Amino acid sequence: MAALIETEGLTRHFPAGEEVVKALSDVTLTVQPGEFVAAMGPSGSGKSTFLNLIGCLDRPTSGHYRLMGESVETLSHDRLAELRSRRIGFVFQSFNLLPRTDALGNVELPLVYRGLRRRARRDRAAMALAAVGLGDRMRHRPSQLSGGQQQRVAIARAIVGSPDLLLADEPTGALDTRTGLSIVTLFQALNRGGVGVLMVTHDAEVARFASRVLRFRDGRLVGDMRQEPADAAAVLAALPPMEHAA
Amino acid sequence: MNVPGVITREPAAASPPSPVLPPLPPGHGGMDLMEALRGALSALAANTLRSILTALGIFIGVAAVIATVAVGEGARRQVTAQIQSLGANLLIIWGGSATMGGVRLGAGGRSNLSYDDAIAIGREVPEIEVAVGSIRQTFQMVAGNQNWSSMVIAADPDYFIAHEWVAELGRLYTAEEASAARKVVILGATVAENLFGEEDPVGREIRIRQTPFEVIGVMARKGQNPMGQDQDDAVFIPYWTARRSVMGASRANARQVGTISVKIHEGEDMQEAEESIRALMRQRHRVAANEPDSVSIRNLSDIQATRDAAARTLSLLLASVAAVSLLVGGIGVMNIMLVSVTERTREIGLRLAVGARRRDVLAQFLLEALVLALLGGAVGVAAGLALSHLVADLAGWPVLVKPDAVLLAVGVSALTGLFFGFWPARRAAMLDPITALRHD
Chain A
299 MAALIETEGL
309 TRHFPAGEEV
319 VKALSDVTLT
329 VQPGEFVAAM
339 GPSGSGKSTF
349 LNLIGCLDRP
359 TSGHYRLMGE
369 SVETLSHDRL
379 AELRSRRIGF
389 VFQSFNLLPR
399 TDALGNVELP
409 LVYRGLRRRA
419 RRDRAAMALA
429 AVGLGDRMRH
439 RPSQLSGGQQ
449 QRVAIARAIV
459 GSPDLLLADE
469 PTGALDTRTG
479 LSIVTLFQAL
489 NRGGVGVLMV
499 THDAEVARFA
509 SRVLRFRDGR
519 LVGDMRQEPA
529 DAAAVLAALP
539 PMEHAA
Chain B
215 MNVPGVITRE
225 PAAASPPSPV
235 LPPLPPGHGG
245 MDLMEALRGA
255 LSALAANTLR
265 SILTALGIFI
275 GVAAVIATVA
285 VGEGARRQVT
295 AQIQSLGANL
305 LIIWGGSATM
315 GGVRLGAGGR
325 SNLSYDDAIA
335 IGREVPEIEV
345 AVGSIRQTFQ
355 MVAGNQNWSS
365 MVIAADPDYF
375 IAHEWVAELG
385 RLYTAEEASA
395 ARKVVILGAT
405 VAENLFGEED
415 PVGREIRIRQ
425 TPFEVIGVMA
435 RKGQNPMGQD
445 QDDAVFIPYW
455 TARRSVMGAS
465 RANARQVGTI
475 SVKIHEGEDM
485 QEAEESIRAL
495 MRQRHRVAAN
505 EPDSVSIRNL
515 SDIQATRDAA
525 ARTLSLLLAS
535 VAAVSLLVGG
545 IGVMNIMLVS
555 VTERTREIGL
565 RLAVGARRRD
575 VLAQFLLEAL
585 VLALLGGAVG
595 VAAGLALSHL
605 VADLAGWPVL
615 VKPDAVLLAV
625 GVSALTGLFF
635 GFWPARRAAM
645 LDPITALRHD
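Chains as they are written, first to last, in this note's numbering: chain A, 299 to 544; chain B, 215 to 654.
Because the hints were derived from the structure by calculation, they are not lab data.
All values reported here derive from a predicted model rather than from experimental measurement.
Beta carbons are placed, not taken as given, at the ideal position from N, Cα and C, and that holds for glycine.
Do not take every clue at face value.
[Claimed, not checked] Pairwise CB distance ranges (calculated):
{"#": "1", "chain 1": "B", "residue 1": "P236", "chain 2": "A", "residue 2": "R377", "range": "22 to 30 angstroms"}
{"#": "2", "chain 1": "A", "residue 1": "E526", "chain 2": "B", "residue 2": "D646", "range": "37 to 45 angstroms"}
{"#": "3", "chain 1": "B", "residue 1": "D646", "chain 2": "A", "residue 2": "D434", "range": "32 to 40 angstroms"}
{"#": "4", "chain 1": "A", "residue 1": "P539", "chain 2": "B", "residue 2": "A259", "range": "42 to 50 angstroms"}
{"#": "5", "chain 1": "A", "residue 1": "S369", "chain 2": "B", "residue 2": "P236", "range": "25 to 33 angstroms"}
{"#": "6", "chain 1": "B", "residue 1": "V553", "chain 2": "A", "residue 2": "D522", "range": "44 to 52 angstroms"}
{"#": "7", "chain 1": "B", "residue 1": "P240", "chain 2": "A", "residue 2": "S369", "range": "16 to 24 angstroms"}
Work out the full structure, taking the sequences as your base and the hints as a guide.
See below:
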């Protein structure tokens, strides 16, 4: 079976006037299906650039990248879009939900570009919302949902197309500890089901739930460590109870 | 730290049995149009007021075009109908000013045309079907206890051929009745109404200047002529009857006529016929080579040509107004689409991230601009039609809405939407998803 992610000398430089910003230099890495990888590093370390390249949102200046065995660096815009649609699910720090659209509509969105009929899309989106525990909130708009619930909608949107790889950019950054933990719990559950997870975070507390931690500094991969992940569900259960009802 | 027995709802909700979904069935690999349309409508509905104001530009342009074209077309048809009511291929010869003792009397003064001029024209100009002289004069006419002042037109029956006029009731007089100077009269529809009301006038008697006439027919209604005169407010009697019994005759005017109506054979050159008539009249009136023509000839196609030119100018003006308002409306659409693209940069980034191709984004915004313009156009057509009917009802102008004008207006508004929507849509499609997602 092909590796989930395979990079070789992956490099991304941005021209900035006379200078060249070396956002990412020479990253060689292999991630197998089913891994839960956390990418850590201070801002400007290249971890977000790495995520964008892995997410097929950007193309490398040089180097190679194969996603599920398929070379990405030479693909057209349309093929990249198709890869994003079929292989990848994105979760963002700021959720990025469409504000005027209810949860169901938001989750349905990726399927629109997969060419599914409306009926099939709605059923599938409902399934995804139920899977993240929001089966009773399908008709709510983002403004009617809490931050944690909004991020669950975003995760439902990310998994609705059965991706091989879930990419999360600071998914707990806008959430309180408890809610963040519940989100990470969901990631771990998905990961146990076979979905590869690559999560960018600057929070070591969050990184300990990953099975592998990458460290970036100045555009270079400076650390690659495997670890026994902590169980987010257990940590969450061990937290002191909230003073008010959830 | 941990209080046993207290269970919060969050963890329970966070751990559903298996959040991994079964594999997705393959789709047909493209965005469906209905979904795109739904998206466009909901995006427009989200900024209802803004959408309405933007569509207003297109709306006004289209409504103005529909209404003005309808009014213009109605007016054009009416003029054409009026001109045709006078008779096709018709030339009217007016006598030039007669000269009495060195005093020229001007047009409409005593005529120098004679009954015999008409006969000569009919005989000698080959293009001519009929040429008939007529005189007209206003008299008071009486029927029973009703009376009415109207125009008496005295002419031989060829007049009805020249002017393509038939009787609605009864009959026209014959050539024999005319040459025998029989006292028969045919009433115009207006006169018949005023003298007899609802009753049938045929067989009844009217008096013109004390002379009794038998009504043998009522003319078909013609309506107004292009000068706005009621052509039905007249009665017709034979020429010689008029000379003997009504208008009187002196040696000076015994065979005089006011005008000669000439009908040219279908397909003959009016211009050539006119030239022949002028030459013939110069000869018959003994006009010296250095003097102006003795008659003037009015060609109804001249009037038509003038009207057509005026209508063309009007159409051109309307077209420019339409073009300008659609241009302004289109720029409005472009402006608002640019605003919309900027406002929704993050949304575009997200759509790209979840698998939208550039052309999907292009199509989305193009469709939005198209729907916006078409909504404006459609409401504009409706308002234009309503306005046309309002004009028809209030001002009493004839209006004519041609389906191709409606199609054109809708088509042009669609093109406006596509043309002015393209640039903003392309801008949206070309956005870099990473920058777009970071946009505030």
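Evaluation of the provided hints:
For the hinted restraint 22 to 30 angstroms between P236/B and R377/A, the CB-CB distance of approximately 26 angstroms keeps it satisfied. A C-beta distance of roughly 39 angstroms is found between E526/A and D646/B, which places it inside the suggested range of 37 to 45 angstroms. Separated by about 38 angstroms at the C-beta atoms, D646/B and D434/A satisfy the suggested range of 32 to 40 angstroms. About 44 angstroms separates the C-beta atoms of P539/A and A259/B, a value consistent with the hinted range of 42 to 50 angstroms.
For the pair S369/A and P236/B, the supplied restraint of 25 to 33 angstroms holds, since their beta-carbon distance comes to about 29 angstroms. Taking the beta carbon of each, V553/B and D522/A are about 46 angstroms apart, inside 44 to 52 angstroms as hinted. For P240/B and S369/A, the Cβ-Cβ distance of about 23 angstroms falls inside the hinted range of 16 to 24 angstroms, so the restraint holds.
In this structure, every one of the numbered hints holds.
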